[in-house]
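Number of protein chains: 2
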Amino acid sequence: MQHGNHVEWAIHCCAVLAGLPEGSRLSVATLAEFHGVPKAYLAKGLQRLEEAGILDGSVGPKGGYRIAKPATEISILDIVLGLEGRSNCFRCTDIRFNNPCLVNRGKGPCLIAVAMRKAEKAYHGELAQTSLADLLQELGETADKPTLEKSAEWLSERIR
Amino acid sequence: MQHGNHVEWAIHCCAVLAGLPEGSRLSVATLAEFHGVPKAYLAKGLQRLEEAGILDGSVGPKGGYRIAKPATEISILDIVLGLEGRSNCFRCTDIRFNNPCLVNRGKGPCLIAVAMRKAEKAYHGELAQTSLADLLQELGETADKPTLEKSAEWLSERIR
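So the sequence lines, in the order shown, correspond to chains U and R.
Position in the first sequence (first residue = 1) + 70 = my numbering.
Position in the second sequence (first residue = 1) + 70 = my numbering.
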């Protein structure tokens, strides 16, 4: 079980957008160049985040994306679920009811599904702990300063 | 991100095998019939669990599977990792180093990967909490009794 690459790309893009001056936008082309990833595939992921209310997109030659909510209100979980949808990572198809010895279907969900859902809840709980604002703060404290400065300048030249 | 169906099937099969008298085996055909799942695809999953040291398989017309360790020592996590391997569910390809403004690569892992790994650890931690013995005990307490009894009889007739 593995997230697609678009999860990595989208979280990075959202963090970059969250670090821009309020209301500023970047085009998909700029985001793709900054992260060295294919523009067409990145565009699909960002569109899904727009549909999920995480990004705000504008079209046209001067179009681009900005975050649709404050950086404190967008968690990594929001981005992951925005991209992948809210279906459970464990799909219970209730094979217990295929049992040739089944007499009564009984009550309640399958115990295996319950254990799997509990674990997924813990996974989501952890992902919800980290917001874009947290990432930006940590980045400011730990990242290479010359790279940060040069990046800020490069991005500011491309803001829309 | 979703587990394949074989995860559901394999956990159910392991729980059934864990409930047999010690040393008893069931064939893949019996396990497939009991769970109403395709035998060939189930066989592949069970073979992986054998390779992971969770199941013990014997070949030949009287061959079959039994659990390779006590039921208290096999967790749902063991089964999931045995089937899917130990690669992380978030693959960090370090796109931060694709940055055209990169001056120094800096130290330490990507913050996004750190957050994703922490969540995966929580997921695995929860899955490790439930052993096959736990599942069997809970099943004995909550499942439909007539179905349990009929199943035990059906399975005992097919033990190898």
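Do not take every clue at face value.
Copies of one chain are not kept apart here, so a pair can be met inside one copy or by any two copies together.
Unchecked claim - No more than 25 Å apart at the CA atoms, straight line, and that leaves these computed lysine-lysine pairs for DSS-like:
1. K177 - K215
2. K191 - K132
3. K109 - K220
4. K114 - K139
5. K177 - K220
6. K139 - K191
7. K114 - K188
8. K188 - K177
9. K114 - K132
10. K177 - K132
11. K220 - K132
12. K220 - K188
13. K191 - K177
Worth flagging that the hints you see were computed from the coordinates, not collected in a lab.
Okay, the hints, checked on the actual structure:
no., hint, result
1, K177 - K215, "between (59 Å within a copy, 12 Å between copies)"
2, K191 - K132, "neither (40 Å within a copy, 42 Å between copies)"
3, K109 - K220, "within (22 Å within a copy, 58 Å between copies)"
4, K114 - K139, "within (20 Å within a copy, 46 Å between copies)"
5, K177 - K220, "between (61 Å within a copy, 18 Å between copies)"
6, K139 - K191, "within (24 Å within a copy, 29 Å between copies)"
7, K114 - K188, "neither (31 Å within a copy, 27 Å between copies)"
8, K188 - K177, "within (19 Å within a copy, 35 Å between copies)"
9, K114 - K132, "within (18 Å within a copy, 53 Å between copies)"
10, K177 - K132, "neither (57 Å within a copy, 36 Å between copies)"
11, K220 - K132, "within (23 Å within a copy, 69 Å between copies)"
12, K220 - K188, "neither (44 Å within a copy, 30 Å between copies)"
13, K191 - K177, "within (22 Å within a copy, 32 Å between copies)"
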